[in-house]
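Here is how the chains run, residue by residue.
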Amino acid sequence: MSVRHVDELDRIEMEDGFVWRPIRRAFDIRAFGVNAYTALEAGSQIVEEHTESNLGHEEIYLVLRGRARFTVDGNEHELAPGQLVFLRDPALKRGAIALDDDTVVLALGGKPGEPFTVSAWEAMFAAVPAAREEHWDEAIRIHEEALAEQPEHAALLYNLACMEARGGRRLDALLHLQRAVELDPKWAEHARADSDFASIRGEPGFPA
Amino acid sequence: MNGYEILSIDDLDRYPGSNDDAPVMLPLRRRLGFRPFGLNCWAAQRVGGHVIQRHFERDGDEELYVVVRGRATFTLGEETFDAPAGTLVHAPPGTLREAVAAEDGTVVLAAGAKPGEAFDPAPWEEFAIAYSRARSGEVDAARAAVTDVLERYPDTWQGEYNAACFEALYGDGDTAFAHLRRAHRLAPKDVAQFAEGDDDLAALRGDRRWQELFS
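These protein sequence lines map, in sequence, to chains A and B.
Sequential numbering of the first sequence, starting at 1, is according to our numbering.
Sequential numbering of the second sequence, starting at 1, is according to our numbering.
Warning: the hint list may mix true and false statements.
[As the list claims (entries may be wrong)] DSBU-like mimics (lysine-lysine), calculated; alpha carbons at most 35 Å apart, straight line:
id, chain 1, residue 1, chain 2, residue 2
1, B, Lys189, B, Lys114
2, A, Lys93, B, Lys114
3, A, Lys186, A, Lys93
4, A, Lys111, B, Lys114
5, A, Lys93, A, Lys111
6, A, Lys186, A, Lys111
Derived from the structure by calculation, the hints contain no laboratory data.
In this text, all values refer to a predicted model and were calculated from it rather than measured experimentally.
Could you put the whole structure together from the sequences, leaning on the hints where they help?
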């Protein structure tokens with residue numbers, strides 16, 4: 001499929017109200033990052049509050065339809081169709097609220113000076129509907145697909161372990177959690193308080 | 001602004017192409033100093049005129065076009081379709097793509113880069129702007145821009161070739177041939193192929209130096 005309208009993209013509703021409309025994933029674009037975002041209704045979050053400090057991405061948010069109020073580094077800006085915000089500094093906190101029901105924001109981003117790689121959060125977002133419906137096999141498949149490209153990605157391994165633990169694959173969950181902690185010890189602390197691991201917390205080898 | 005900038009696409013410079021069928025370039029990446037990949041807006045000079053020029057991206061760029069305003073009629077490969085605002089068109093490298101404006105005020109955003117490579121801006125943007133400025137009478141400023149591009153992108157046949165075209169149109173034949181010879185030394189096959197049917201070089205074609213170069 002080479003052509004699609006933004007209204008035909010998948011709608012993946014996230015917990016804090018914004019709706020991810022995957023573009024890069026829809027076309028399997030390999031050269032740059034691009035997505036659209038919509039909101040549940042006027043007044044809802046449309047771009048989650050975040051920084052790009054971990055990824056080092058430069059970002060552009062372009063309003064395609066409706067209006068959005070962006071907050072960047074504590075400053076508010078109301079943007080209409082055809083207006084954009086370019087964030088050069090990855091450390092700046094950014095987010096937006098939709099001001100109209102049908103607002104659509106296009107997001108473009110990548111890390112300067114490096115070939116584009118698919119961000120791990122895409123698989124985590126893509127697995128949300130399956131996890132919400134407790135379709136663990138599907139959620140696991142989405143994570144495994146992403147890990148085939150980035151096998152040493154600690155956050156993906158941790159998330160995969162969560163899905164496996166919830167889906168009854170206790171040994172796989174334990175092994176993937178252990179690997180995530182080997183790669184980045186901070187995940188041990190997360191695991192101790194994570195309800196997803198209730199079924200394996202008493203197992204020998206669970207990161208203490 | 002500190003680390004970020006707010007902009008409207010209406011604030012972008014507009015550089016019309018060589019005739020009323022050719023698109024108008026609205027350089028976005030260049031205006032912002034955006035570094036991760038190529039990004040430009042394009043408009044048409046009239047309804048029915050091109051908003052995206054017919055081309056293939058044979059050098060390997062993957063592109064996404066987003067109809068930001070208005071309505072376009074796109075051709076991708078052998079398929080032609082209506083593309084209202086909000087349409088996304090993905091064009092893999094080597095695929096024929098073009099679009100004409102179906103409504104006044106149509107604007108298309110084009111994003112592109114080569115998969116697996118760090119993005120490095122190509123000199124064509126600077127040449128497109130230089131040509132447009134020369135057409136509007138700013139020949140000296142345009143020539144200064146061409147000289148600057150050649151210094152920034154030394155030893156690329158595309159740079160020398162475009163400089164030859166520029167001089168053939170707006171300068172003198174001696175300088176044009178000097179650039180064309182350098183381009184030919186760098187990529188004889190490509191230069192011979194492009195030069196054969198390039199209207200920009202028409203003024204040079206009757207010169208004996210043309211025969212010497214391409215015989």
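Right, here's what the structure says about each hint:
1. B:Lys189 with B:Lys114: Answer holds: lysine 189 of chain B to lysine 114 of chain B is near 23 Å, not above 35 Å.
2. A:Lys93 with B:Lys114: Holds: lysine 93 of chain A and lysine 114 of chain B sit about 29 Å apart, inside 35 Å.
3. A:Lys186 with A:Lys93: 23 Å, holds
4. A:Lys111 with B:Lys114: Measuring from Cα to Cα gives roughly 14 Å; hence the hint holds.
5. A:Lys93 with A:Lys111: The hint holds at about 17 Å.
6. A:Lys186 with A:Lys111: 24 Å, holds
Of the numbered hints listed earlier, not one is contradicted by the structure.
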